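Those sequence lines, one after another, are chains A and B. First residue of the first sequence? That's 1 in this note's numbering, and the numbers climb one at a time after it. First residue of the second sequence? That's 284 in this note's numbering, and the numbers climb one at a time after it.
Note that these hints are calculated values from the structure, not bench results. All figures in this text were calculated on a predicted structure; none of them were measured in a lab. There's no promise every hint is true.
[As the list claims (entries may be wrong)] To spell it out: a stretch of chain B is covered by chain A in this simulated footprint if at least three of its residues, at any positions, have a beta carbon under 8 Å from a beta carbon of chain A; those stretches are: (1) 312–318; (2) 343–354; (3) 392–406; (4) 482–496.
[Said to hold, decoys possible] Non-contacting residues of chain A with respect to chain B, defined by C-beta distances greater than 10 Å in every case (computed): (5) E161; (6) A173; (7) D215.
Glycine included, each C-beta is placed from N, C-alpha and C at the ideal position.
2 protein chains.
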Amino acid sequence: MTGFGLERLSLNQATVKHLGLADAVALCVRHDIPAIGLWRDRVAEVELASAAALVRRAGLHVSSLCRGGFFTVRDADGREAVRADNVAAVQEAAALGADALVLVCGGLVPGSRDLGLARRMVADAIGELVPFAQRLGVRLGIEALHPMFCADRCVIASLGEAVDLALLFPAEAVGVVVDTYHVWWDARLALELERAAGRIVSYQVCDWVVPLPADVLLGRGHLGDGVIDFGPISEAVAAAGYQGYVEVEIFNADVWAAAPDETAVTVRSRFADRSRTLSYCSR
Amino acid sequence: MTGFGLERLSLNQATVKHLGLADAVALCVRHDIPAIGLWRDRVAEVELASAAALVRRAGLHVSSLCRGGFFTVRDADGREAVRADNVAAVQEAAALGADALVLVCGGLVPGSRDLGLARRMVADAIGELVPFAQRLGVRLGIEALHPMFCADRCVIASLGEAVDLALLFPAEAVGVVVDTYHVWWDARLALELERAAGRIVSYQVCDWVVPLPADVLLGRGHLGDGVIDFGPISEAVAAAGYQGYVEVEIFNADVWAAAPDETAVTVRSRFADRSRTLSYCSR
Numbered sequence: 001m002t003g004f005g006l007e008r009l010s011l012n013q014a015t016v017k018h019l020g021l022a023d024a025v026a027l028c029v030r031h032d033i034p035a036i037g038l039w040r041d042r043v044a045e046v047e048l049a050s051a052a053a054l055v056r057r058a059g060l061h062v063s064s065l066c067r068g069g070f071f072t073v074r075d076a077d078g079r080e081a082v083r084a085d086n087v088a089a090v091q092e093a094a095a096l097g098a099d100a101l102v103l104v105c106g107g108l109v110p111g112s113r114d115l116g117l118a119r120r121m122v123a124d125a126i127g128e129l130v131p132f133a134q135r136l137g138v139r140l141g142i143e144a145l146h147p148m149f150c151a152d153r154c155v156i157a158s159l160g161e162a163v164d165l166a167l168l169f170p171a172e173a174v175g176v177v178v179d180t181y182h183v184w185w186d187a188r189l190a191l192e193l194e195r196a197a198g199r200i201v202s203y204q205v206c207d208w209v210v211p212l213p214a215d216v217l218l219g220r221g222h223l224g225d226g227v228i229d230f231g232p233i234s235e236a237v238a239a240a241g242y243q244g245y246v247e248v249e250i251f252n253a254d255v256w257a258a259a260p261d262e263t264a265v266t267v268r269s270r271f272a273d274r275s276r277t278l279s280y281c282s283r
Numbered sequence: 284m285t286g287f288g289l290e291r292l293s294l295n296q297a298t299v300k301h302l303g304l305a306d307a308v309a310l311c312v313r314h315d316i317p318a319i320g321l322w323r324d325r326v327a328e329v330e331l332a333s334a335a336a337l338v339r340r341a342g343l344h345v346s347s348l349c350r351g352g353f354f355t356v357r358d359a360d361g362r363e364a365v366r367a368d369n370v371a372a373v374q375e376a377a378a379l380g381a382d383a384l385v386l387v388c389g390g391l392v393p394g395s396r397d398l399g400l401a402r403r404m405v406a407d408a409i410g411e412l413v414p415f416a417q418r419l420g421v422r423l424g425i426e427a428l429h430p431m432f433c434a435d436r437c438v439i440a441s442l443g444e445a446v447d448l449a450l451l452f453p454a455e456a457v458g459v460v461v462d463t464y465h466v467w468w469d470a471r472l473a474l475e476l477e478r479a480a481g482r483i484v485s486y487q488v489c490d491w492v493v494p495l496p497a498d499v500l501l502g503r504g505h506l507g508d509g510v511i512d513f514g515p516i517s518e519a520v521a522a523a524g525y526q527g528y529v530e531v532e533i534f535n536a537d538v539w540a541a542a543p544d545e546t547a548v549t550v551r552s553r554f555a556d557r558s559r560t561l562s563y564c565s566r
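Construct the complete structure from the given sequences, taking the supplied hints into account.
Here's what the structure looks like:
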């Protein structure tokens, strides 16, 4: 099987930003979306045990928990707070049965221009977290963010770099998150997806809209509204052995302003269209 | 010599966007800046022969001409127009004695999501241009633009890709432009600068300002106003055998609004500061 049918669709909660967890879960059930990607703030609102029960009773699979990371902190107190927060995130991912805990690793250390320092801090912090994650059976997913976020959000700025980092650790403990928005531009993408074989723990999709809006964090669109050619990327993700769900995660002010049911319908139909395109391409 | 002293400074005309060619040349002379990077629209305003005479009489070196490229056009008529425009750009670069003609290669073909197609069109178009450029002794510089411009301005989105492309052609005909704003984030930068040995035809510097402004085209700052660590990049550019000028090229609404003499003073002093930092680092 090379493509992803609707039985692999997951709705990342950030796509319906204004819904609490219970409403987001109900939306998925109403629209026959079998999985959900959760965010920690929304989980915390209803408390962890209730959140886990809610999702389980609804029969939804938790494809990911967003997010841990932000490791690049200068002082020891700050690093200790980050460590504690990531431990909590691993515990939450375990309780929720999430396929992966997504790590957004952090930008440059405040006041520093040293990319190497920041990258070493990320590697060290992940290394520190791995034994605990292994004990709880949680898989960490290193997400490469688009290079435009390198300074302030994530110094891991290409998939190749995320793969290099993941390969330092056991495959059952650390993998990579592939998000089309962040990596579509990369001439080495096909190669790096091959190198990621057995290591992809989450596949997230949304489109790159042209022109980029004023707030580049919100420049994401529904599948088909932008320039990304999803077929070849999905093929390569599947060929790398990825067996999980495909999360639609859209940060976009217009999408957030839309009625959630309308958003769910669009997510589902656009995903189905892409699946057909993909099947067509792969014949 | 590993660093770049003030005798290697060049002012790219775009930094003082509101000045015509004569005023920009006079500004360089007034501030003891030995070279200038020219833009074709400002050259055209005074006509090519006058522009060449003006710069020559002022004793300025022309470190680059911006720019050719934008090769990714679907229809034959459009491609013919692009070809003619690039031929004209090569002629202008020759007449001005520019060290390089900067190529911004173009984004996705309008209406297409095929990155491979766009990249093949770029390679083909450069291949078509090379014999003419060689005849006129003009060196073409492929500029990798930041991945955030991949869709609409330049599908060559990393230095490695620019190097790969340049290596398809004779070294005296085709090289790469290294612009810190576009490539600073790349974990493979040191490696790709090594691979670019003997192929760097222009080195442009400006800083990456955080947060990115609403118009990402204008998110550049004076050296020191952002997060880029220029020392290691300049060292690697020098180690790759680059013997040319260092162009300060800043697209920034505030810089454009400043008095040009003030801008020139800032450019010069920030450049001198970085040179000192560099010398310190290289000891």
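Structure-based check of each hint:
1. Proximity of the stretch 312–318 of chain B to chain A, defined as three or more residues with a beta carbon under 8 Å from a beta carbon of that chain, is not established by the 0 residues found.
2. Coverage of the stretch 343–354 of chain B by chain A is violated in this model, with 0 residues showing a Cβ closer than 8 Å to a Cβ of that chain against a need of three.
3. Counting residues of the stretch 392–406 of chain B whose beta carbon lies closer than 8 Å to any beta carbon of chain A gives 4, which reaches the threshold of three, so the coverage claim holds.
4. Three residues within the 8 Å Cβ limit are the bar, and the stretch 482–496 of chain B against chain A gives 4, so the coverage statement holds.
5. A beta-carbon of chain B comes within 10 Å of the beta-carbon of E161(A); the shortest separation is about 5 Å.
6. The beta carbon of A173(A) sits about 22 Å from the closest Cβ of chain B, which is more than 10 Å, so the claim that it is off the interface holds.
7. A cut-off of 10 Å between C-beta atoms contradicts the statement that D215(A) is not in contact with chain B; the least separation is 8 Å.
In summary, the numbered hints that this structure violates are 1, 2, 5 and 7.
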